[in-house]
Each structure stands twice: as structure tokens, then as C-alpha cells.
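**Student:** Given next are the chains, with one letter for each unit.
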Amino acid sequence: MGLLSILILLPLVGAFVLLVGRGMSDTAIKRFSLGLTLVLFGVSLALLTQLSGFETSAEYRFVEKLNWLPEWGISYHLGVDGLSLWLIILSTLLTPIALLGSWTSTEKRVREFNIFILILESAMIGVFCALDLFLFYVFWEAMLIPMYFLIGIFGHGRRIYAAVKFFLYTMAGSALMLVAFLVLYRETGARSFDLPELLKYSVDPGLQMWLFLAFALAFAIKVPMFPFHTWLPDAHVEAPTAGSVILAGVMLKMGGYGFLRLAIPLFPIAADQAAWGIAFLGAIGIVYGALVSLVQPDLKKLVAYSSVSHLGFVMLGIAAFSPMSVVGASYQMLNHGISTGALFLMVGMLYERRHTRLISEFGGLRNVMPRFSAVFLLVCLSSIAVPGFNGFIGEFLILIGSFTFSPGLVILSTLGVILSAAYILWMVQRVMYGEVTNPKNSALPDLNPREWATLLPLVFLSLFMGVFSSWFTPSIERPVVKIIQDARNKVAIHQAQISMPRLPAGTEGRQ
Amino acid sequence: MIVDFQPVLPSILVSLFAIGVLLSGAFANASLLLCRNISVTGLMAALVVIVTAPSDGNTGGTIMAGAYSAFVQVSILVVAILAVWLAAARLDDDQVQPHEFFTLMLFAVVGMLGLATAAEAISLFVALEIMSVALYALCAMPRTGPERQEAAIKYFITGAFSSAFLLFGIALLYGASGSTTLAIMARGVTEGNVLALMGSAFFFVGFLFKVGAAPFHMWTPDVYQGATTPVTAFMAAGVKIAAFGALGRVVAVAIGDLSGSWAPGIALVAAFTMVVGNLGALAQSDLKRLLAYSAVAHAGYMLAGIVGMDATGVDRARALESLLFYVATYAVTNLGAFGILIAIRRNGAEPSRTSHLKGLSARNPVLAAMLTILLISLTGIPISAGFVGKFHLFKAAVVAGYPGLAAVGVLMSVVSAYYYLRIVVLMYMEDPEEGTEYTTAPGLVTKVVALSAALTFGLGLFPGPLMSLARAAAASLF
Chain U
17 MGLLSILILL PLVGAFVLLV GRGMSDTAIK RFSLGLTLVL FGVSLALLTQ LSGFETSAEY
77 RFVEKLNWLP EWGISYHLGV DGLSLWLIIL STLLTPIALL GSWTSTEKRV REFNIFILIL
137 ESAMIGVFCA LDLFLFYVFW EAMLIPMYFL IGIFGHGRRI YAAVKFFLYT MAGSALMLVA
197 FLVLYRETGA RSFDLPELLK YSVDPGLQMW LFLAFALAFA IKVPMFPFHT WLPDAHVEAP
257 TAGSVILAGV MLKMGGYGFL RLAIPLFPIA ADQAAWGIAF LGAIGIVYGA LVSLVQPDLK
317 KLVAYSSVSH LGFVMLGIAA FSPMSVVGAS YQMLNHGIST GALFLMVGML YERRHTRLIS
377 EFGGLRNVMP RFSAVFLLVC LSSIAVPGFN GFIGEFLILI GSFTFSPGLV ILSTLGVILS
437 AAYILWMVQR VMYGEVTNPK NSALPDLNPR EWATLLPLVF LSLFMGVFSS WFTPSIERPV
497 VKIIQDARNK VAIHQAQISM PRLPAGTEGR Q
Chain V
4 MIVDFQPVLP SILVSLFAIG VLLSGAFANA SLLLCRNISV TGLMAALVVI VTAPSDGNTG
64 GTIMAGAYSA FVQVSILVVA ILAVWLAAAR LDDDQVQPHE FFTLMLFAVV GMLGLATAAE
124 AISLFVALEI MSVALYALCA MPRTGPERQE AAIKYFITGA FSSAFLLFGI ALLYGASGST
184 TLAIMARGVT EGNVLALMGS AFFFVGFLFK VGAAPFHMWT PDVYQGATTP VTAFMAAGVK
244 IAAFGALGRV VAVAIGDLSG SWAPGIALVA AFTMVVGNLG ALAQSDLKRL LAYSAVAHAG
304 YMLAGIVGMD ATGVDRARAL ESLLFYVATY AVTNLGAFGI LIAIRRNGAE PSRTSHLKGL
364 SARNPVLAAM LTILLISLTG IPISAGFVGK FHLFKAAVVA GYPGLAAVGV LMSVVSAYYY
424 LRIVVLMYME DPEEGTEYTT APGLVTKVVA LSAALTFGLG LFPGPLMSLA RAAAASLF
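Line by line, the protein sequences are chains U and V.
Numbering follows our numbering, in which position 21 of the first sequence is assigned residue number 37; successive positions increment by one, without gaps.
Numbering follows our numbering, in which position 445 of the second sequence is assigned residue number 448; successive positions increment by one, without gaps.
Simulated from the structure, these hints should not be mistaken for laboratory data.
Hints are supplied without guarantee of correctness; some may be wrong.
Said to hold, decoys possible - With a straight-line Cα cutoff of 20 Å, these simulated EDC-like cross-link-like pairs (lysine to aspartate or glutamate) come out:
(1) U:K498 with U:D210
(2) U:K216 with U:D288
(3) U:K124 with V:E433
(4) U:K216 with U:E203
(5) U:K124 with V:E436
(6) U:K498 with U:E71
(7) V:K157 with V:E132
(8) V:K157 with V:D225
(9) U:K124 with V:E132
(10) U:K216 with U:E75
(11) U:K456 with U:E377
(12) U:K181 with V:E436
Said to hold, decoys possible - Selected chain V positions facing chain U (in silico; Cβ < 8 Å):
(13) V417
(14) A420
(15) L424
(16) M470
To be verified - Residues of chain U clear of chain V, computed beta-carbon distances all greater than 12 Å:
(17) R47
(18) L61
(19) L64
(20) K81
(21) T186
(22) E213
(23) A230
(24) I300
(25) Y304
(26) E368
(27) V402
(28) I416
(29) L479
(30) V507
Remember, predicted model here, so these are calculated numbers, not experimental data.
For every residue, glycine included, the Cβ atom is placed at its ideal position computed from N, Cα and C.
Working from the sequences, and respecting the hints, build out all of it.
**Tutor:** Next up, the structure:
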């Protein structure tokens, strides 16, 4: 069994153990799943043993291919390239952190909570490994159910509304993608759902736009791209901390990943035609998300809307489709996972202490929790992309790389950079600085060792990735360059075909 | 002339056991348990005959056995055995003569088995009537309230209508071809033959009534709600397999060449059925009515498989294969879902409203988890047999050139997620009402449900074996 299968199956085995291990106490369950996810993180680091390989070629590594339904052209086909490599590691990193972060806040139905998290982890890793469309779809949809339960059972106030909304939105988006898979299966004549196989065919340009739109809808909802973002604030605000961390940290990345892995390579001509629209919506998302964050009274909602803004950058970078902008977008996906994951964790810590997330309830926390506020400030700086932090590299690459694509949109997006500083710093000011006005805040405990353990890796990474970005980018660049070249080639062939004058019959050869 | 009885041996066996149950009740006053055991033995015997001594022959060209009929018959028998267990568990506290009940059930099975083998229109019609008449009577049992009578009468009247349509269709097809044997009928059924087209249309209408496709579905909610739950479960699962089994054969053998003319119409019916079924289910607060509308919706998905047969060559067999897979797995899943209603006793009674399942996961986590798996499959979300089945049905429709139908299908699946998941919400995310007590029905009900849930999940993960059986079955008709 290959490494990727182990990564996918191990959490499921763990979930099964929890399911049948009726005698385990709540603490034992928590320890078991934390240990298991840490082991998984360790196993996923084994992918890095081939880092130099990822840096030199764009081919898939750790490939596994088993027949599943051969008559239908469906196989269990897994593989990783530089694009998915880091996203897999991000998933395995954030899962134990999310578990540790909600160590004390999950008191009821601990067993179910951990089972859902483990199933979710398996499906997330699966999405990033799958090289067969059917398999991809299976993992893609399989993620919905555990997340639905996490929000619906363990969430806050309007959790049921949020859970159902999340589920229906995401499923509606992916449903049409399924039909597009089927049409693709029919049209290419490959009679296969294997991604590398399908990429050899070029789809009829007239049909491409329909199929691309079906894919794009699924991924745009997941990103979420303006105007498909309305499920996100609800889901985030009502989700438990672990749910928010995984949702923001990993699941939102699947939208961008889907564009790069499936939608653009399969339908390059349509993607080329739609690029400006996507970039435009991305830029709108940047500014819109930032403006809405500015007026949020609720900390978690603020972070949620800031995600809309950050992921707008990702979409802008992908749509601009230059090597630099796409590498920036991929890097930004990782950065967002780390900084927003950390922000959600810290908001969760505040909520645990005060059972409120309203900014107006806080103030002057720096006097009470100096360590907490120091870390919080670092995380916030990472989120607003201050040079030296990881966010800066991502946003900078995106903006520079997109400039030739559309200077106007880049200038508009730069407004988002400024606004993000405004809403984050204003929030920090209201929450952390000044005098303690609310007596309830006067005796809050500072970070405990468990909380340190969840935050330190993230803070370290956001600095490390800000300084040593060259450690990550070469491996990302390889597949990105290949995707861009392949797509450009297909577009060029198509344009050569349509610009070629139709010669009247019998005139061939007479130039 | 030596008649080969082997093709009808399963039906003969079940008939004999049916008579045996009747006599044992009449003369020996057999108990419920004894009647159940005799019935199960009969069904098992038929199952063993089909599996161990498969017949490839035919009885005078009217009854044709083979891989196709074997697949359909095995599915029917498995469903019937499970339904008998469910019925035995439910009937404990009802006033019913057990031998009458099980005799009718077995005779319904005889009709269903006949539908699977019918290679000739008249035998097909006779088999359909054997099944239907037994079911009309079953719907009225036990005679505890007016709603059972209402269900029976409604089912009977609409059933009579559908039979008339079907017979008329057969007559017209006979007029077009000069034969009632399906294989010979095919020669008369050619493009442009108006008689054949009208005959096919009437034939379809008859079957659309039986499977509860819109706009011929009006009886479904009332009958499903009115009949006692094991009967509903048996009806919902068995009739679907048998009717689609017969329809699949007719389309494959007799009227397939005319598919260019009827398939667009059936595609419209399929889309309409999905919409009506799913939107209807949205508004239901009664569990059985909800499952009834969901059955209507699923009839629509299955019709997509029939539409998919508007293709050429191997794709036509592939569409039939998808249909067979879907029908078989749907039947098992649906039976499990009704089984849950029988397994759970809320304050001693069967839960009838969706709100009655509130907080079930806290009181009975195992049953709640099993129902969740079944509902996930009905919605068509991986990993479940329902997802694999739907995927292949819609693929057949797309390959045949109906991507619009597939799009309606998947969007309606999203709608269905809302009402199926509402049950999950109630079970997992709401607290149980004060003063309600959940107990589990005695007997094997829980095991039947567990088996159905395990099959639903397992076939979602490893659909290969069943799929290849379905493939062999479908291929045997071409």
C-alpha cells in the first residue's frame, strides 16, 4: 500500500476504532485522535523526502492506480505534485491543531466529534490526491457530511440553519459539476474518468464554456468567490472552533485547487475567455470582503469576511494566469490556511473565556493577557501581509503577476490591502488596547501550555514562510508552469484554427 | 411436446408454499411464527433454485429464463424475504390472520417473479395482475381503520385503469406486429409505424401508473400512508424491481428500435417525476408520505435509465445495467428505511411524523446511524450504493444525449438533500421531547435494517461485483 493510501485510510481506521471502542473514556478518545493525527502529520512529512523531485519535475509522484470499476473507466488513481503536496501537509498539520484547540470546548458527544474530524481529514487528503474525477467527486462530497454534523451538532446558536445552508450550497454547486463530468466522459470519447487520460483530449470549444461554468460554479462556491460567498459567514460563525479552522484552513482551498487542477487544464479555452470575469469577481471580493469586515461587530464574522477578501486575491491570481500570479495564489492559499486558522483559534480562545465574540465586549486585553495579545498581533500582521510574514509574499506575487493582465483590477485590489490593514488593526486596537472597560475582562487567564502548543507552530510557520519562501515556491512553480504552458498551447492551437482562413475548395496549395 | 418447467420452477415453488401457508392456517391454525417460517422457506427454496440451477430455457417462448430474469428474481426474493421478517415483527399486535397475509404476500411474489421472466405480452399482463390483485388485498389488511380501505380502493381503481391502458397498448402493438411475443413484436415495431408508437405510448402509461411516475403518481402517497408499514415496504421495493425489470425487457427486446420516438417523451416524464416527487416530499411532515414522494422521485431517476436506452450498441446494454443496479440497490435501501419505522417504537407505537424521530441519536445511536446511512444513499451522496447507482443512471442519460435530464436529476437530488437531511437534523441536532421513550421492536427487525444499511454502504464502496452481475444480466437481452 502506498503512502497516499495510508494517509487516506489511517484516519478512517481511527474513526472505526472510535466507533467500536465503546469502553474508551472521553479523555482517551481525545488523546487517541490527537495522537493519530500527529502520526499522520509525521507520515505526510514523508512526502517531503522527494522534495527535490517535486522541484525538478511536474510529474505526479507517489502514484497509485488500482482498478475500481474498470468497465466504466473508473480507477482508484492517486498522485501528488507540488501543487497538492503542500495542501496535504497543511491538512495534516491543521487537523491536530484543530483538535488540540478544541480540547476543552468539546464536552458533549466527544466520540462523534472525533469520528467526524477523522473522516473529514481522510476526505480532505483524498480530494488533494485524487487523479480520477469519480474518485475526486467521492471525496469532495464525502467531506460534506462530517462538516455538516460538526456544524449542526457542535455549533452555536443558529447551527442547524448554518449546517443545512452549508450543505445545500455546496452540494448544489457540485451537482452540476457531476453532470459536467458525465458530459466530458461522453464527449472526449475517452470513456474514462482518469484525469491524465482526459487531459490528452481537447474538448469542443463551444461545449467548453458550459462545462467550465459547471465546474467553476462548484469551485466558486467552495472558494467562496463573490457573489457565492453567503454561506460562509453563517457556517463560520456557527461552527465550533475546530470546524472553523478546518473549513477556513483547508476546505476553502479546494476551490482554488479545483480551478488549477481540473477546470483550467480541462477547459483552457473557456477559462481563457472567462478569465477577466473571474478576476473581476475576485477583485470585487477583495474589496467587498474588506469593507464588510470593517463594520462587523462580531470577531468571528470579521475573520470570516476577511477570508472572502483574502481568497479574492487567490482568485485574481489564478485568473491572471501568469506563472508568478498563480504561484502567488497557491502560496496565498497556504498562508491563508495558517493565518486564518490561527485567527479562528484565538477567537475561539476568547470565546471560551468570555462566551462572547462581540468586539464591544472586549477592550484593553493587553493589560490582562499580555502574551495572548502579543501572539494575536503577530497573527494579525501575518493576515494583513506585512513584509516579513508569509502573507506578504503571496499577495505581492499575485499583485505583481497580475499587473500586466489588468492594471485596473490590481489597483482596485491594492485598495483591499490597505483596507485589510484598516479592519484588522482597528479590531486589534478595540480588543487589545486601551483601558479595561468591562470588569468581566479584568481577570482573564493568559495563554495556557495547550494553547501555546496550538499557536506556536502556526506563528512559526507564518514567519518561516515569510522569510524562507524559496523553500516552498520551486516545488509549487513546477506544476504551475506546466499547467500554464499546456493551457496556453491548447488556446494557441484553437486560435490558430479559427484565424486560419477557410480556403475555397480546390485552392489548397496555391498560396 | 416436452415442456421445460425449469424456468417457472421458482414461481411454482413459491405458489406451492403459498398454498401451504393458507392450508396450514385453515386446518392447523398455524401461528404467526409458523406462517412466517413456511413463507421464508418457500422464498429461500426459490432463491436456491435460481442460484444453484440457473435455467437458460424458455417455456413455449412465453416465459424466458436467463441471466436477466435471474438477476431480477433474486432481487425480488431477497426483498421479499426481508419484507416477510419485517411483517412478522410488525403484525404481532395487529388483528390479522397471519396465514392470509403471508399467502397474499407470496402470491404477489409469484406475480413479480412472472414479470421478471415474461417474454410475451399476455404472460406479462397476467403476471402483473397476479401481483397487483394480491397487493390490493394486502393494502386493506389488517382492517383496523378506514385509511386502509381507502388505500386499497384507491390502489385498486388506479391499478385497474393502468391495466386497461397496458392492455390497450398490448393490443395496438399486436396490431402493428401480429404477435404478442416480444421478440417477434420487435419486427413490427419500426420507425414511422403509428400503431406501434401509440401502442408503446399506452404500454408506457400502464407501467408509469404502476411505478408511480408523475403525472400518474397521485395514488402513491395515500396508498403508502394508508397501508400497514411492512406492506408499504414490500410494495415500494418489490413492485419497483418487478415493474422496471419487465419494462426493461420490453424496451430492450420489443420497442427499443422506436426509442428515438418515445425517449424524448419519457425524458420529459422522468424530469417531471423528479420535480413533482422531490417538491412534494419537501412539504411532508408524515414519514410515510415523505417516503412515498421520495419513491415517486426515485421512479423519475429510474426512468432516466430507460431514457438512457435510447442509445446504440453497447451503451444501450449499459443503460439497462445501470437501471438494474439502481433498482436492486434502491429496493434494499428503501426497505431498510421503512424497516426503521417498524424497528422504532416511540412510546410503544410506530413513529408516524418526522418530528417523532427527534433526538433519536441520543436514545438509540445505532438505529439513528443506520437510518443516516440509508438517507445518505437515498440522497445520492457518496459513499453509498445510491450514489453509485445515480451516477451510472445519469451517465447513461448523458451518453444517450440527455444532459438536461441529468442536470434536472442532480439538482433535484440537492432538493432531496433538504428533506432527507431534515430527518438527520431531527435525530442528531435536536433534543428528544420530554416524556418520550424509544424502544426497539422485538425480533429480527433491527438485523434486517442493519443488513440493509450494511449492503447500502458496502455496495457504495465495492459496487463491482453487483455491477458485473447486472452487466451480464443486461447483456443477455441483446
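**Student:** Decide, hint by hint, whether the structure agrees.
**Tutor:** Evaluation of the provided hints:
1. U:K498 with U:D210: holds (18 Å)
2. U:K216 with U:D288: holds (18 Å)
3. U:K124 with V:E433: holds (14 Å)
4. U:K216 with U:E203: holds (13 Å)
5. U:K124 with V:E436: holds (18 Å)
6. U:K498 with U:E71: Given that 20 Å is the threshold and the Cα spacing comes to 12 Å, the pair holds.
7. V:K157 with V:E132: holds (16 Å)
8. V:K157 with V:D225: holds (8 Å)
9. U:K124 with V:E132: This hinted pair is violated, its Cα atoms lying about 55 Å apart.
10. U:K216 with U:E75: Roughly 15 Å separates the two Cα atoms, so the pair holds.
11. U:K456 with U:E377: holds (9 Å)
12. U:K181 with V:E436: violated (25 Å)
13. V417: V417 (chain V) check passes; min Cβ-Cβ to chain U is 5 Å, inside 8 Å.
14. A420: A420 (chain V) check passes; min Cβ-Cβ to chain U is 6 Å, inside 8 Å.
15. L424: Holds, because the Cβ-Cβ distance from L424 (chain V) to chain U comes to roughly 6 Å (cut-off 8 Å).
16. M470: With a closest approach of 7 Å, the M470 (chain V) hint holds.
17. R47: holds (22 Å)
18. L61: The assertion about L61 (chain U) holds, with a minimum of 28 Å to chain V.
19. L64: Consistent with the label, L64 (chain U) stays out of reach of chain V, its closest Cβ about 30 Å off (over 12 Å).
20. K81: Given a closest Cβ separation of 16 Å, the condition holds.
21. T186: violated (10 Å)
22. E213: Per Cβ check, E213 (chain U) is outside 12 Å of chain V; nearest 16 Å; holds.
23. A230: Violated, because the least Cβ-Cβ distance between A230 (chain U) and chain V comes to about 9 Å, which does not exceed 12 Å.
24. I300: holds (26 Å)
25. Y304: holds (26 Å)
26. E368: Non-interface label on E368 (chain U) holds, nearest chain V Cβ at 22 Å vs cutoff 12 Å.
27. V402: Holds, since 41 Å exceeds 12 Å.
28. I416: Holds, since 40 Å exceeds 12 Å.
29. L479: holds (40 Å)
30. V507: holds (25 Å)
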